[in-house]
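Chains as they are written, first to last, in the working numbering: chain A, 30 to 496; chain B, 30 to 496; chain C, 30 to 496.
Note that these hints are calculated values from the structure, not bench results.
In this text, a Cβ means the ideal position worked out from N, Cα and C, and glycines have one as well.
Misleading hints may appear alongside valid ones.
[Stated by the list, open to error] If the Cβ cut is set under 10 Å, some of the chain C residues that face chain A in the computed set are: (1) Ala41; (2) Phe55; (3) Phe56; (4) Asn76; (5) Leu79; (6) Gly87; (7) Arg319.
[As the list claims (entries may be wrong)] Here are a few chain B residues that sit away from chain C, every Cβ distance over 10 Å (derived from the structure): (8) Gly198; (9) Phe417; (10) Ser422.
[Stated by the list, open to error] A few chain C residues that don't get close to chain B, going by computed Cβ distances all over 10 Å: (11) Asp115; (12) Gly128; (13) Glu409; (14) Lys413.
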Amino acid sequence: HIESDIDATQHALRSYLLLLSGALIFFMQAGFAMLVAGSVRRKNTRNSMLKNLLDAVGAAIAYFCVGYGFAFGGEMNEFAGSGLPDTTFIGLENFFGQGEIDYPFYFFQYTFFAASVTIVAGTLAERCQMGAYLGYSMFLTGFVYPVVAHAAWTAKGFLSPTHVEPLLGIGMVDFSGSGVVHCTGGFTALYATKILGSRRGRFYDINTGAALDVPKPMPGHSVALQMLGSFILWFGWYGFNPGTALLLTDNPYQAEIGALCAVNTFMASSGACIAALIVKMIWSYRETGRYSFDLLAAMNGTLSGLVSITAGCATLDLWAAFLVGAIAGVLYVFGSDLLVRIQIDDAVDAIPVHAMGGAWGVIAVGLFSVPKRLAQIYGEEAGKHPGFFYSFSNGGVNADLLACQVVGILFIIAWTMATMFPFFIWLNFMGWFRTGSVQELVGLDIAYNLDGGEAAAADEGGAGAAE
Amino acid sequence: HIESDIDATQHALRSYLLLLSGALIFFMQAGFAMLVAGSVRRKNTRNSMLKNLLDAVGAAIAYFCVGYGFAFGGEMNEFAGSGLPDTTFIGLENFFGQGEIDYPFYFFQYTFFAASVTIVAGTLAERCQMGAYLGYSMFLTGFVYPVVAHAAWTAKGFLSPTHVEPLLGIGMVDFSGSGVVHCTGGFTALYATKILGSRRGRFYDINTGAALDVPKPMPGHSVALQMLGSFILWFGWYGFNPGTALLLTDNPYQAEIGALCAVNTFMASSGACIAALIVKMIWSYRETGRYSFDLLAAMNGTLSGLVSITAGCATLDLWAAFLVGAIAGVLYVFGSDLLVRIQIDDAVDAIPVHAMGGAWGVIAVGLFSVPKRLAQIYGEEAGKHPGFFYSFSNGGVNADLLACQVVGILFIIAWTMATMFPFFIWLNFMGWFRTGSVQELVGLDIAYNLDGGEAAAADEGGAGAAE
Amino acid sequence: HIESDIDATQHALRSYLLLLSGALIFFMQAGFAMLVAGSVRRKNTRNSMLKNLLDAVGAAIAYFCVGYGFAFGGEMNEFAGSGLPDTTFIGLENFFGQGEIDYPFYFFQYTFFAASVTIVAGTLAERCQMGAYLGYSMFLTGFVYPVVAHAAWTAKGFLSPTHVEPLLGIGMVDFSGSGVVHCTGGFTALYATKILGSRRGRFYDINTGAALDVPKPMPGHSVALQMLGSFILWFGWYGFNPGTALLLTDNPYQAEIGALCAVNTFMASSGACIAALIVKMIWSYRETGRYSFDLLAAMNGTLSGLVSITAGCATLDLWAAFLVGAIAGVLYVFGSDLLVRIQIDDAVDAIPVHAMGGAWGVIAVGLFSVPKRLAQIYGEEAGKHPGFFYSFSNGGVNADLLACQVVGILFIIAWTMATMFPFFIWLNFMGWFRTGSVQELVGLDIAYNLDGGEAAAADEGGAGAAE
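Whenever a hint applies, use it, and build me the whole structure from the sequences.
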């Protein structure tokens with residue numbers, strides 16, 4: 030019974046650590062809510078926060094009904110086979126919580142679903158109808174995201190490095206989900222805002238319709254809430270990345286890998302923060318002759334660094350994590366600027382942070398992954414397909430992993446485009462997507478009666494505060 | 030020594046997980062503070078936050094001096110007997126931290142004491158004297174709450190399912206404390222506000238004293254803080270519910286139960302959020318012909334769902350957790366409306382959330398508890414007294430558990446009424462309970478000099494912000 | 030293989046608990062940011078938050094490059110020797126993440142570095158140049174702090190109780206760093222503000238230069254953010270103190286010690302909160318004839334209690350922790366008043382909280398440490414040098430430990446003065462330290478273009494909110 034005692038202890042350890050890591054990830058919901066609340070104008074605060082709350086709730090419902098089943102159905106936590114073909118498009122068991130379920134894993138994966146869907150909330154802020162938002166979030170968590178998760182993270186997935194015959198012998202390595210979570214959410218945000226259009230008056234004069242020379246800034250109403258949200262997200266990431274290592278059950282390197290994930294997390298975010306800040310300082314110096322410090326760039330840079338290391342946290346060295354983060358920070362600044370130039374209106378810069386940061390993070394794995402770490406996680410064979418820059422040391426050029434990473438990103442882009450794009454076009458065609466222009470002008474809180482007639486009464490207590 | 034090594038590892042695991050779970054629960058203090066701060070008018074912000082801070086502090090002092098001793102004294106964590114009668118009203122050892130104490134358990138239980146007492150802070154906001162509040166909180170955590178915890182959660186408690194001869198063969202099942210923590214706090218809040226009276230001008234015209242046709246809304250000054258508080262509470266609940274499962278020492282199902290608790294937590298809160306939102310949408314449609322989204326109802330609905338699953342998180346199936354939460358959400362909306370109709374003034378709706386949600390949660394255990402889970406937690410015998418809706422499958426009707434749950438709730442209601450009601454009447458009689466009407470009008474921050482004469486100086490920095 | 034299985038389990042347990050504890054400590058960055066943001070005037074909010082963000086980032090970079098190497102280089106987590114002399118001033122390995130590194134420990138210690146450096150941010154708020162601040166923070170985390178950590182916490186450190194021949198047979202006991210973390214940060218803040226000078230108009234009339242009879246209050250713009258920050262810090266402390274006990278690898282009392290740390294943490298903070306509040310109430314009664322409640326004193330008192338128990342959390346009894354905290358709370362009130370009298374301007378009272386609270390905490394270990402706990406942690410021999418008040422029970426007076434504690438504090442004061450004082454004088458001499466007086470008057474957010482020209486645009490959304 031000693032062995033069973035040890036097994037039970039290890040099982041309890043894994044279970045509870047998954048729960049605590051999942052709780053940290055769940056807390057990112059608060060981070061997103063504060064980040065978005067601070068980033069919108071006061072008149073839309075309540076509306077955007079309700080969307081954040083309904084993200085968590087809608088994700089839970091869609092997850093319970095079909096999401097988990099499509100993603101992980103029939104595979105339990107060890108992704109064991111079950112008489113099906115070696116490769117499947119989706120799972121088809123465990124709908125509505127039926128069948129044998131590993132609850133720690135079930136809880137942990139829920140928090141990923143919820144994180145992915147909430148990325149879009151900020152981008153669409155200040156002009157999206159509540160019903161459309163709810164429909165989108167159920168569709169994403171119920172079907173679109175699960176297909177990606179199934180492909181990348183289960184033994185039956187065609188992209189998975191744990192597949193019996195992984196793509197090019199290695200598959201796509203997206204450890205905690207730069208691609209699965211952040212690109213899926215980020216590209217969906219891109220398509221959505223493309224169809225939804227920019228906020229009124231952002232790029233065009235409201236009255237004349239003439240294009241503005243300089244886009245009108247629509248700054249958020251509380252930088253303190255944005256900062257709080259960013260720190261909460263950073264905190265939650267210590268559940269995201271090291272937590273995923275807990276799924277390496279029976280792997281003797283599991284604890285070491287988990288710790289490496291945590292260290293790489295702060296390395297990348299630090300690199301990204303300082304890189305974004307410096308680029309913006311140089312820009313401001315060129316334009317105005319003096320240096321200025323851009324807090325928002327530093328914050329969003331930090332977040333893009335966190336996104337970018339999510340794929341490679343387990344397989345990169347510390348210096349590489351810092352470098353990958355720094356490049357993500359630079360990409361963020363240019364990406365954010367590019368979006369404005371091509372008149373894509375992202376209220377919280379979620380697209381450059383999550384879509385671009387995520388895609389870069391997945392590619393970076395193909396460049397910098399250390400053979401030793403790949404072998405520790407995915408087995409000896411995987412170690413022979415290292416990151417491109419390490420392949421030379423094996424006496425030859427090997428871009429297998431890099432190619433898989435590119436395939437993975439292209440799949441995510443194509444899949445989300447194939448599903449979400451028509452969905453948003455349909456929503457738009459039906460007139461369900463965008464709020465009326467008067468509502469937008471007045472602000473969604475009053476337009477949708479979110480303030481319950483309290484706007485006037487609130488004045489009694491003093492000037493309007495951080496609502 | 031191998032066995033002792035395993036024992037030591039299991040002990041360390043349990044200890045640290047209790048500490049981390051307790052830390053999450055403690056963080057709920059921040060959640061309550063932000064929720065209340067956002068829910069009151071600006072002029073009372075500091076006062077209500079000080080009460081939140083002193084809750085945590087006063088609970089610690091009362092807990093150390095007598096609270097722990099009364100609740101768990103002499104029983105250590107395994108609730109082992111000690112030569113006393115089989116049933117005791119209170120414990121009588123370990124006062125002032127003396128005697129043998131299991132520190133992880135000691136820390137964990139402190140966070141429950143602190144959570145229970147802080148529930149009342151919001152209800153009484155904007156009109157309660159600081160001294161009265163302190164007196165109440167010491168009395169509750171020093172004596173009233175410990176008696177309930179002793180009855181429900183120790184092997185000597187007459188309601189406890191771990192008693193040698195539990196009530197009706199099963200006892201009251203209140204796993205993490207819908208009744209012990211939330212009803213005790215919630216009903217105390219009800220009695221307190223009944224005696225304290227409503228805020229001036231809420232139901233009556235200040236000048237004429239005439240009853241208002243429509244109660245005057247007194248909205249809080251920051252929805253962002255309310256939202257933040259709600260998310261922090263939800264986060265903390267992942268310590269509350271799964272953490273309690275850690276007390277099932279040497280139970281082979283402990284990890285599985287803990288994870289079930291976590292999953293049920295998000296199932297119930299999601300059901301409650303969506304149910305409360307829908308009910309309010311229907312109401313608004315009937316009244317005004319258009320749908321409106323009530324963020325506060327969604328938030329408080331979420332919280333009532335969390336409260337309601339606290340008793341049954343370990344013994345309900347996922348679908349039942351969702352259903353129990355949904356009913357809690359509906360109950361919240363009706364309860365909140367009812368309170369306004371009978372002119373009971375609850376500044377943060379803590380009564381419908383905690384008292385009603387808690388009572389429903391305890392009852393729900395008697396309806397939906399799965400025999401298998403009861404057997405896993407409390408032994409084979411307990412599995413024969415399942416939730417009412419499961420009893421038919423045993424070939425007969427068995428309402429033992431349901432009866433115990435009702436008895437438990439009635440006991441909590443009666444006990445808190447017998448102790449707290451006279452206490453509040455006495456406070457009121459002495460003139461120590463309610464602030465003067467001028468103070469209330471001016472706001473307690475200035476009335477009690479909480480702003481240190483800084484109100485004027487603050488203007489320099491800009492218009493008053495989220496104080 | 031059973032033994033190796035147990036070892037692996039214990040290793041995984043320790044690793045992940047270090048990660049989670051470290052994540053809690055990291056979250057204190059959010060606490061400091063909110064505390065400082067709320068404590069400054071609106072016009073400097075962005076500037077001070079950027080400093081908080083860059084603290085975490087700069088600490089990461091300096092830590093990676095040289096900080097870890099100087100502090101813990103070549104000693105791995107067990108602080109094993111390596112052929113060097115028994116006592117070294119600094120470590121000289123593991124720069125830039127090279128060599129064998131124990132990643133859980135590496136992550137955990139990073140969070141301490143980041144905590145130490147951010148203490149200073151608040152004190153210097155509203156008048157310090159960004160470049161100077163960055164330079165200071167890299168210097169502190171890259172060199173000054175590592176020397177202190179090396180001396181107190183590694184087997185080669187001359188103050189360390191784990192040294193082969195500890196000072197006076199016992200060494201300085203600073204379990205989680207009242208001295209190492211808080212005094213290092215706190216005294217640096219003292220020197221910095223002494224050289225930087227007070228905010229314009231705080232003690233002197235801006236126009237005439239005449240000394241003010243009463244210093245001008247410069248209250249922060251959001252008490253809610255201060256309260257939130259304080260609670261986040263308290264929450265994070267449950268990572269700080271119990272987390273350190275995880276470093277007692279292979280110590281059979283490790284879990285018990287960790288739990289004691291958690292309990293002592295809330296005991297001390299509660300004592301400090303109530304003591305500070307009462308002292309301020311008595312003061313206000315003497316001055317004005319009525320009692321007033323000082324929320325800021327209660328909050329900062331709580332923090333000073335947390336700081337004061339950080340050294341002794343593992344070796345004090347519960348009652349002693351309460352007492353040590355209460356004294357810290359009183360010291361805070363008097364210290365805060367003293368600073369104003371001698372015209373040292375501390376925007377967030379970090380000096381009385383961290384420098385005074387920290388120094389008192391270290392001394393208190395020398396007075397109240399229980400022999401049993403010292404023996405459990407540092408071995409039988411250490412138990413013979415107990416806290417001064419326990420030494421009489423051994424039949425004699427023994428002030429060895431007390432003497433070590435005093436030596437330790439004097440070393441920290443002297444070392445930080447020897448390094449940071451000249452550094453700040455040099456910064457000041459070069460004109461890099463203090464912002465111009467116009468910039469200070471306008472506010473650093475606008476002066477350094479931190480608001481990106483958004484100040485005007487923000488008005489659209491309503492009156493300025495909690496930025």
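So, going through the hints one by one against the coordinates:
no. : hint   : in the structure
1   : Ala41  : holds (4 Å)
2   : Phe55  : holds (6 Å)
3   : Phe56  : holds (5 Å)
4   : Asn76  : holds (8 Å)
5   : Leu79  : holds (5 Å)
6   : Gly87  : holds (8 Å)
7   : Arg319 : violated (25 Å)
8   : Gly198 : holds (35 Å)
9   : Phe417 : holds (40 Å)
10  : Ser422 : holds (40 Å)
11  : Asp115 : holds (31 Å)
12  : Gly128 : holds (29 Å)
13  : Glu409 : holds (20 Å)
14  : Lys413 : holds (25 Å)
Consistency note: the structure conflicts with earlier hint 7 alone.
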